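Given two chains presented individually in distinct reference frames, assemble the corresponding complex, making use of the accompanying hints.
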Amino acid sequence: MTTVKKIPGELPVSFRYTPGVGNTAFFEALRDRGILLGSRCEACGVTYLPARVFCERCLAELEAAVECGPAGTLESWTVGRVGIDGEPLDEPAALGLVRFDGADTVLVHRLLGDADWSIGMRVEAVLRPDRSASILDLEGVRPA
Amino acid sequence: VGERVAVIGAGMTRFVRRAQETGKELSAIAARSALENAGITLDDVDAVCLTSAPDAFDGVHRKGDYLADGAGAFGKPYMRTYVGGGSGVFTAIQGWYTVASGMADVVLCVAEEKMSSCQPHPQGAFLTIFDNVIERPLGPNLLWIFALEMRRYMHAYGLSKRDIAAVAVKNKRNAADHPAALLGQADITIEDVLASEVLADPVQRLDVSPISDGAVAVVMVSEEAAKRLTDRPVWVQGVGWNLDTAYWTNRDLVYPEYVERAARMAYDMAGVTEPRKQIHVAEPYDPFDYKELHHLEGLQLFDKGKAPEAAAAGVTARDGDLPVCPSGGLLGVGNPIAAAGLMKIAELFWQLRGEAGARQVPGTPERGVAQAWGDLMQVGTVVVMGGEGGPAVTATREGTPPVGPVATSLDDTAFRAAAGAVEERLDLQYAWDPGEAMGAFLEGMRDGRVLATVCEQCGRTLVPPRKFCERCFRPTDTWTDVEAVGTVQTFSICHMRWDMVRLDPPELPAVIRLDGASEGGFLHKLGEVDPAAVTIDMAVEAVWKPLEDRAGSILDIAYFRPRDPALRNGAGA
Chain A
31 MTTVKKIPGE
41 LPVSFRYTPG
51 VGNTAFFEAL
61 RDRGILLGSR
71 CEACGVTYLP
81 ARVFCERCLA
91 ELEAAVECGP
101 AGTLESWTVG
111 RVGIDGEPLD
121 EPAALGLVRF
131 DGADTVLVHR
141 LLGDADWSIG
151 MRVEAVLRPD
161 RSASILDLEG
171 VRPA
Chain B
2 VGERVAVIGA
12 GMTRFVRRAQ
22 ETGKELSAIA
32 ARSALENAGI
42 TLDDVDAVCL
52 TSAPDAFDGV
62 HRKGDYLADG
72 AGAFGKPYMR
82 TYVGGGSGVF
92 TAIQGWYTVA
102 SGMADVVLCV
112 AEEKMSSCQP
122 HPQGAFLTIF
132 DNVIERPLGP
142 NLLWIFALEM
152 RRYMHAYGLS
162 KRDIAAVAVK
172 NKRNAADHPA
182 ALLGQADITI
192 EDVLASEVLA
202 DPVQRLDVSP
212 ISDGAVAVVM
222 VSEEAAKRLT
232 DRPVWVQGVG
242 WNLDTAYWTN
252 RDLVYPEYVE
262 RAARMAYDMA
272 GVTEPRKQIH
282 VAEPYDPFDY
292 KELHHLEGLQ
302 LFDKGKAPEA
312 AAAGVTARDG
322 DLPVCPSGGL
332 LGVGNPIAAA
342 GLMKIAELFW
352 QLRGEAGARQ
362 VPGTPERGVA
372 QAWGDLMQVG
382 TVVVMGGEGG
392 PAVTATREGT
402 PPVGPVATSL
412 DDTAFRAAAG
422 AVEERLDLQY
432 AWDPGEAMGA
442 FLEGMRDGRV
452 LATVCEQCGR
462 TLVPPRKFCE
472 RCFRPTDTWT
482 DVEAVGTVQT
492 FSICHMRWDM
502 VRLDPPELPA
512 VIRLDGASEG
522 GFLHKLGEVD
532 PAAVTIDMAV
542 EAVWKPLEDR
552 AGSILDIAYF
562 RPRDPALRNG
572 AGA
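From first to last, the protein sequence lines stand for chains A and B. The number in our numbering is simply the position in the first sequence, starting from 1, with 30 added. The number in our numbering is simply the position in the second sequence, starting from 1, with 1 added.
Among the hints, erroneous ones may be present.
[What the hints assert, rightly or not] Here are the simulated EDC-like pairs of lysine to aspartate or glutamate, each with C-alpha atoms no more than 20 angstroms apart in a straight line: (1) A/36 <-> B/437; (2) A/35 <-> B/258; (3) A/35 <-> B/550; (4) B/307 <-> B/258; (5) B/162 <-> B/198; (6) A/35 <-> B/198; (7) A/36 <-> B/448; (8) B/228 <-> B/45.
[Stated by the list, open to error] The calculated label-pair distances, taken between Cβ atoms and stated as ranges, are: (9) A/42 <-> B/532: 24 to 32 angstroms; (10) A/115 <-> B/3: 34 to 42 angstroms; (11) B/3 <-> A/131: 36 to 44 angstroms; (12) A/158 <-> B/532: 54 to 62 angstroms; (13) A/42 <-> B/187: 37 to 45 angstroms; (14) B/365 <-> A/164: 53 to 61 angstroms; (15) A/165 <-> B/475: 22 to 30 angstroms; (16) A/164 <-> B/5: 46 to 54 angstroms; (17) A/108 <-> B/547: 56 to 64 angstroms; (18) B/434 <-> A/108: 53 to 61 angstroms; (19) A/116 <-> B/413: 37 to 45 angstroms.
Please keep in mind that the hints were generated in silico from the structure rather than gathered at the bench. Predicted model only: the values in this text are computed from it and were never measured. Each residue gets a CB set at the ideal place from its N, CA and C atoms; glycine is no exception.
The shape of chain B in the complex, shown without the other chains (with noise of 0.2 angstroms):
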């Protein structure tokens, strides 16, 4: 597929949890150590990728050119991409792309977050992901599509909480070994993570990344300026990207369809065939603990259900078999979001170089994989790389891997008072329209119904409806009643509002099959029932608020309750 791309340079600023540089600055040190580390300058970039996660995180409604300057794009084509979660491996896909095609033989590839700005919990800008009509009324918190995801994969493959943590402990005490990282904790144990705060059960403080500002950069080049450039290439040897269905409750939430499909598209280009013996290193996206063993399936380096019992064996450490994670991963150097994504490409230039210092893994691995997630929790961004071969560069180079001077950290006291800062609330007021089809399904509510749509090409029940199949890319054919009675295929039992802010009692976010829909579920709250009385697989039925108080809204259901009711504790949700 077109021309031969390599990844040539790489650089980074430290991940800190409030950084005093600005977006723009936090872009320039880490664009400058990647031109650095190529031994290249500005004037040598022919055109400028850029990718940063939500808007709503550096406040800045136009991160894009915003960030511009930071990126070194004054005065070259440029552009932003944007998936999610999944964008900072993805713009190493966009500067692939922008190289193959032969539009250009030297690109700078820029990701940056800076999250501390927004207040007073990034989460507020995670809210935006939800569904606005009938998921954003139950007051969602980002950790309920973790925590219930998390709790469906441990289900069906009958893992317990210290299987997960074991990779939390993992990536941590990598990431001691990681200059710029926030997290590293050499003497992490899986008692540490046991105990920590339970924020949405299953998921506790250490299974999760932290809120992080920082910026990854990356030069990628042509065959023939790599041979100008660098005596050692690494090869972008195959990408792939995918999509799972939009409405996050319908997908299969314990195997992640949308990574084997990136992952099976970026082998084939790579001619990996085998990717249990073909892939020597990964760096899967583990923003929580558990997802490093899903990507790891969904990669196919591990049948499915078998990560785990392979991470608890030492597969996965640095000295295993299949090293995953050497950086630390996002667990423990950080997670601004975007440049999260990119530092794994990075990762992967400076293990396939052998410059990666005392993260270096054994051996000499001669070829990766890099993977993010994101968008609603359903992308999937897959890079394959590999190394010349050739031996190993054992004396680790001065000042590799390249952290850029500084990325200043600020505590809280500091973040408040900085000389000039200025706080500001984007002060709007939405009204979303439901649409045709969604604006039928509130009225339904209002008269205790709950109105699907069928699709005769593929013969599905949808719930919630559309005007539109989405597979079969057609109208929808009729509309049809579902009874208010399903199963619960997940659930959390959550103690943290959006702003992180502790609930008593906790919640219960529960995704639940309805019994005439054909696939996945929907989300919303169970009720009358203990925490520790509720099993997956267990028979609900829908609590309808009074006549009198329907408003057509999700919430004329006031919350599902067990169907049995010796189950029932007479409270109400």
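In isolation and in its complexed conformation, chain A is listed as follows (with noise of 0.2 angstroms):
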């Protein structure tokens, strides 16, 4: 008799995520002015980077108004050899914590090219020309 030892399943849904009152203004600005947006409290004298609407510090509703980077400081990093299948990636894939000038907060994005990265480099941000409202409209950060 065979055993019946497992019942195969799924969740079928799928999540669209409308990326909300503050990353709307970072993103439409990341899209068509080419710049990273982001919001200052002067209550908590935190500015953060994505811009939002509210500081999470204070509760105190904020503006999208504060022009950071283009070039800002590596905080860490670290390059990725093997996917999230547990299989080797044919490229390895840099990836670092990113404060650019003006923000209080970090950024993780793509570090591009095979450059000798280390804490406290200088960095700067590297746009693709076609723009479409994403977090993928910044191509990365190359040494500056």
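Encoded structure:
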């Protein structure tokens, strides 16, 4: 007798994420003006990038009005050599935490090229010429 | 029990079908407006309690920490609780015990839901509440549960759809006075409800609350903080929560025991001995119109089966003897699941302070009860709240009830076109282990047998079989065979697939009680019968697939058909 050992199944849904009010301002500025737009809470002395509509420290309403970057500082980095399926990547993929000038928060993004990455290194944003309001409109950063 | 706890502020977003705001942004709007309403700032808050229903609505599989910043939890003790649809009222219970225990003086409770993210329909996320092994293979639809329960309730008390539809009319009319409402409609009639599209008979479109996005927040404080911060506290007088059986088809579908138990717990704590005299305003959970009636009976506010005639007589109208859902409820204000529950707490707060504006119930309500319901439709959560008494505030304060500046509603086109929007599928496949008892049951199916286990202590014969008796909490004793014949407990004529694509012909889900099983029943479909010929208590028998097609699955029973050949129509399921 074959024993019933498992029942296959799935969660048959996909998700549509709208970027919200804060990120819409960020994405539109990135797409249309090629800039990195943040927002500042004067009371808390924190500039958030990407822009947010509320301060996480005091819940004050914020405006997306602070231009950050395009240069910044590499706060940490890693080189991925294995994909999410556990298989080796064709090309290693470098990722970094970048604190763009003017921002107090860091952004995770791609490190472009084959540089000798180091913490504290100065980097700069590389934008795509054709942009669609996506975080990938920012291709990544390269050494400044 | 512990410290006295007061509610001193509440706020909410508008409830909308598709919000441009993220869940974080919705939470921040609600949290900020509750803090403003309480006259405090985030610095005054000692701890934050959050709730949000299934992660799969927002598509964020860590909603607790994801929503933390919008809920004002930065740098504070914080926890998300979750009991499905019961969550919104439960988060007020969480807030109560966080304060009553002495752990915090000022707590911000936030409830958020953003159901619009879930594509093609949030019912896809609800599929996970069905048993993966014996229910999911049948292709269930959330509406099945409600249709099956509603029909059983109507059958038990001889109710008509007209009796039920009156609740939808009352609540959508009440919601016309709520500035945050999604479906308020001052001129809706019973005929409108009865003429709306049949989804899963007896459930029609306007019997159901809408899919919604939104957030609500309340501020709960200790007695000492209340003295410092407000001259009109509303006290949490009692809380209760309770679970019924985890097998929903084994539940009493006519009467919500779980609500009665939760209500008795809350009433005992509040010193409420005669709820019909001592409760002046009620906000029971109303995701479907019949559920308001069901829950009013569970809350001991009406005798069993008597809520509908009281509703018809106007007792539950906003100006009736017991105003019920003066907010407009889930049916009118909207149903962003967890947020909708906390909206009921907010409504009691405003009603008991005399600040509900156009929705204010007459007189001076001294005490109210809010209730929600959820998990696999078997949890009851209840909160009793009371004001200080004293004169009602007849002059409505400007901006009350406070509704946050915006939840920006997008139509479907704008939602699809939103700049920066991302659509992703969680590409996961699951392999569920049936476990020992259910594995044996499924093997039995392959042999055309229905296997059950017996608990000798309580004497029950359990279908589906379990390795342990959940009542006696001991291993079951023996295996037995049950004949695959039984009676229809309740059924639906369902015209909708889970993604709300119409089915033609409709299908006939039913809860079937097998003759040899002790209680309740299990879920399957009916076949070889015209929908109009199906009746509750009809005797049915299993039709097995040919031996070579059986796979050790609940679907080895193709369907159940009438035992009386005269009732069969010769077609399949």
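message: Between the beta carbons of residue 42 of chain A and residue 187 of chain B, is the distance compatible with 37 to 45 angstroms?
response: Given range 37 to 45 angstroms: holds, Cβ gap about 39 angstroms.
field: Straight-line alpha-carbon gap residue 228 of chain B to residue 45 of chain B, limit 20 angstroms
entry: Holds, because 14 angstroms separates the two Cα atoms, which is no more than 20 angstroms.
- request: For the range 46 to 54 angstroms, tell me whether the beta carbons of residue 164 of chain A and residue 5 of chain B fit it or not.
  value: Given about 52 angstroms between the Cβ atoms, the range holds.
- prompt: Between residue 36 of chain A and residue 437 of chain B, does the CA-CA distance stay at or below 20 angstroms?
  reply: Holds, at roughly 11 angstroms.
- request: Hint says 36 to 44 angstroms; check whether the CB-CB distance for residue 3 of chain B and residue 131 of chain A agrees.
  value: 51 angstroms, violated
query: Using the C-beta atoms of residue 116 of chain A and residue 413 of chain B, is the stated range 37 to 45 angstroms upheld?
result: Roughly 39 angstroms apart at Cβ, these two residues keep to the hinted range, so it holds.
query: Are the Cα positions of residue 35 of chain A and residue 198 of chain B separated by 20 angstroms at most?
result: Roughly 42 angstroms separates the two Cα atoms, so the pair is violated.
query: Has the given pair, residue 36 of chain A with residue 448 of chain B, been kept, meaning a C-alpha gap of at most 20 angstroms?
result: Judged against 20 angstroms, a Cα distance of about 18 angstroms means the pair holds.
query: Is residue 162 of chain B within 20 angstroms of residue 198 of chain B, Cα to Cα?
result: Distance of about 13 angstroms is within 20 angstroms: holds.
query: Keeping to a limit of 20 angstroms between CA atoms, is the pair of residue 35 of chain A and residue 258 of chain B held or broken?
result: The given pair, whose Cα atoms are some 35 angstroms apart, is violated under the 20 angstroms limit.
message: Range first: 53 to 61 angstroms. Now tell me if the beta carbons of residue 365 of chain B and residue 164 of chain A are that far apart.
response: 56 angstroms, holds
task: Using the beta carbons of residue 165 of chain A and residue 475 of chain B, state whether their distance is inside 22 to 30 angstroms or not.
output: 55 angstroms Cβ-Cβ, so the 22 to 30 angstroms window is violated.
Checked against the numbered hints above, the structure violates hints 2, 6, 10, 11, 15 and 18; every other hint is satisfied.
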